[in-house]
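Make a model of the complete structure from these sequences and hints.
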Amino acid sequence: MSTRASGRTVGGLRTLSLQAPAVGLLLMWMLIPLAMTLWFSFQRYNLLMPSVTGFAGVDNYYYLLTDPSLWTAMGNTLLLVGWVLVATVVGGTLLAVLLQQEFFGRGVARLFVIAPFFIMPTVSALVWKNMMMHPVNGIFAWIASLFGLPAIDWFASLPLTSVIIIVTWQWLPFAVLILLTAIQSLDDDQVEAARMDGAGPLAIFFYITLPHLKRAISVVVMIEMIFLLTIFAEIFVTTSGGPGLATTNLAYLIYIRALLDFDVGGASAGGVIAIILANIVAFFLVRTVAKNLEN
Amino acid sequence: MAVNASRARRSVLNRKLVLTLVAWTIALMMFFPIFWMFLTSFKTEAEAISTPPSLFFTPSIDGYIEIQARADYFKYALNSVVISLGATLLALLIAIPSAYSMAFLPTKRTQTTLLWMLSTKMLPSVGVLLPVYLIFRDLGLLDSRTGLIIIYMLMNLPIVVWMLYTFFKDIPKDILEAGRMDGASTLQEIFYLLLPLTLPGIASTGLLCVILSWNEAFWSLNLTTSNAAPLTAYIASFSSPEGLFWAKLSAASTLAVAPILIFGWMTQKQMVRGLTFGAVK
Chain D
1 MSTRASGRTV GGLRTLSLQA PAVGLLLMWM LIPLAMTLWF SFQRYNLLMP
51 SVTGFAGVDN YYYLLTDPSL WTAMGNTLLL VGWVLVATVV GGTLLAVLLQ
101 QEFFGRGVAR LFVIAPFFIM PTVSALVWKN MMMHPVNGIF AWIASLFGLP
151 AIDWFASLPL TSVIIIVTWQ WLPFAVLILL TAIQSLDDDQ VEAARMDGAG
201 PLAIFFYITL PHLKRAISVV VMIEMIFLLT IFAEIFVTTS GGPGLATTNL
251 AYLIYIRALL DFDVGGASAG GVIAIILANI VAFFLVRTVA KNLEN
Chain H
1 MAVNASRARR SVLNRKLVLT LVAWTIALMM FFPIFWMFLT SFKTEAEAIS
51 TPPSLFFTPS IDGYIEIQAR ADYFKYALNS VVISLGATLL ALLIAIPSAY
101 SMAFLPTKRT QTTLLWMLST KMLPSVGVLL PVYLIFRDLG LLDSRTGLII
151 IYMLMNLPIV VWMLYTFFKD IPKDILEAGR MDGASTLQEI FYLLLPLTLP
201 GIASTGLLCV ILSWNEAFWS LNLTTSNAAP LTAYIASFSS PEGLFWAKLS
251 AASTLAVAPI LIFGWMTQKQ MVRGLTFGAV K
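Protein chains in written order, with this note's numbering: chain D, 1 to 295; chain H, 1 to 281.
Don't read these hints as lab results, they were simulated from the structure. Just so you know, these numbers come straight off a predicted model, no measurement behind them. Virtual Cβ for every residue (Gly too), placed ideally from N, Cα, C. Incorrect hints may have been included.
What the hints assert, rightly or not - Chain D regions said to be covered by chain H (calculated; three or more residues, Cβ under 8 Å):
#1 89-99
#2 127-133
#3 136-147
#4 264-270
Claimed, not checked - With a straight-line cut-off of 27 Å between C-alpha atoms, the simulated DSSO-like cross-links for lysine-lysine are:
#5 H:K108 to H:K169
#6 D:K214 to H:K269
#7 H:K108 to H:K16
#8 H:K16 to H:K269
#9 H:K169 to D:K214
#10 H:K108 to H:K121
#11 H:K75 to H:K16
#12 D:K214 to H:K75
#13 H:K173 to H:K269
Here it is in structure tokens:
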């Protein structure tokens, strides 16, 4: 008995010492910058005006919250995340079902479809901006000309849509990769039995495939959400947030405040708002995922 | 009967042909931008921007030669390699003991700790950009490889712990217990039993970590200028109007994405399991 009891204590100590580096580092990574951001957000602190200092109270928040650009950026963030999520989940499900069927060269076709996921965001943004969507020499302009249509100046007339298209192209493969794997674990006998009972392909899709994919879809939504809320490189490289504020999301707005305007106080207030927003999302997501993992 | 059978077979074949056509059309559309980038990298600048786009041309490697002639391409590539490998090794080193204890010595708090770790990924980088920028400025870590290695390591640590935990959990406890009976210490247990058994999982975790670090752009764009700038920052420099030479841009891009694309293709199956933390099999 005593050995078991002492073994448990040693186990507890061992657990602690083994986890300490990872937990400690992440704790520091979270707490120190967070505390500093909170502190700065209540300060007058502009790197261009070193003489202006002191406690600002809620001024930074007041200016930020009454500045229409914050709400534009927030709207853009939600539009971007929302549309990309819808497009990748719907498109990913359909593509996964398609790629699961037997056809010639299936293996290679699958590799082609998932390829964009591994492409550097700065590269995909530049390739799309210049070689695909360029209003004069781009592939889209050329295709439009084949049909006698005028070319679209994508980033001038449909800036946010263009960014959404690029980001969707990058994240659709991720959804396909996960959902395809999930579909492969679907029981063939169940599908066969349903077919025997006279279920059509649509009924099989809605009553068997889709419920089977529920867990995979929730994982896709969670992971994409983590990355999409902070999309930066694609906007930095293609539009720099413009024209005007058309493609400025929250991440880019804070970037402008911080590193272009050098307004530490204002940018920190923006950072706090971004963190609150992310935590609202995380609260619901982590719950869902935790539930999923327990089952 | 025989006629029916052959008709059925023919309809199966027809279905397969239609599926092949549809699936390949979509696959080629998805892959087209990458293919086009690759093709453009072998064109001259004039051919690169020609309308209609030229599909047949005499391939030249001038784009690649000019990229090399700029002489700085390899500096950026080396930075990418050093930073992503450094961050990955460091993350694995810190995450392996942690994941080991979570998988084999679970307590009531383990699940909570895991979820908390993941929630740090939700902390938006922009929210903490300024403090990190100022800390780095004061510590002299701006534009240094060490700085980016630390950031990428911290950024990937939660995912690395989760993935390793997923892979470790699949190893039967009995095997490790047998080792402990024979007098193996925790370190020996990890080195001689756990690591060899989970090598494929560790490898795919490492590769995903390399991919994420290699492609990361937010921190590299904001914390480096020239010395430690990796390929993401180098490629972004092509977005300035004077840098818009499509053939050269394509050549540099091809070199930047090729290794990671091949890595990704090789490990896609394992990656799914790790990325979904075993929730999808």
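What's the verdict on K108 (chain H) and K169 (chain H), does the C-alpha distance respect the 27 Å limit or exceed it? holds, 16 Å
Within 27 Å, alpha carbon to alpha carbon, are K108 (chain H) and K16 (chain H)? Not OK: K108 (chain H) and K16 (chain H) at ~52 Å, beyond 27 Å, violated.
27 Å Cα cutoff - pair K214 (chain D), K75 (chain H): Roughly 46 Å separates the two Cα atoms, so the pair is violated.
For the pair supplied as a hint, K169 (chain H) and K214 (chain D), is the alpha-carbon distance within the 27 Å limit? holds, 23 Å
Can you take a look at whether the segment 127-133 of chain D is actually covered by chain H? Rule is 3+ residues, C-beta closer than 8 Å. holds (count 6)
Count residues of the segment 136-147 of chain D with a Cβ under 8 Å from any Cβ of chain H, then say if the count reaches three. Three-residue rule met by the segment 136-147 of chain D, so holds; n is 6.
Does the structure keep K108 (chain H) and K121 (chain H) at a Cα separation of 27 Å or less? holds, 22 Å
Check whether the Cα positions of K75 (chain H) and K16 (chain H) lie no farther apart than 27 Å. Outside the cut-off at roughly 49 Å; violated.
Does the alpha-carbon distance linking K173 (chain H) and K269 (chain H) stay inside the 27 Å limit? Satisfied, since the Cα-Cα distance of roughly 25 Å is no more than 27 Å.
What's the verdict on K16 (chain H) and K269 (chain H), does the C-alpha distance respect the 27 Å limit or exceed it? Holds - the C-alpha atoms of K269 (chain H) and K16 (chain H) are around 25 Å apart, at most 27 Å.
Take the segment 264-270 of chain D, compare each residue's beta carbon with every beta carbon of chain H, and decide whether three or more fall closer than 8 Å. n = 4 at 8 Å, threshold three: holds.
Examine the segment 89-99 of chain D: at least three residues should have C-beta closer than 8 Å to a C-beta of chain H. Result for this restraint: holds, n = 3.
When held up to the earlier numbered hints, the structure conflicts with 7, 11 and 12 and fits the remainder.
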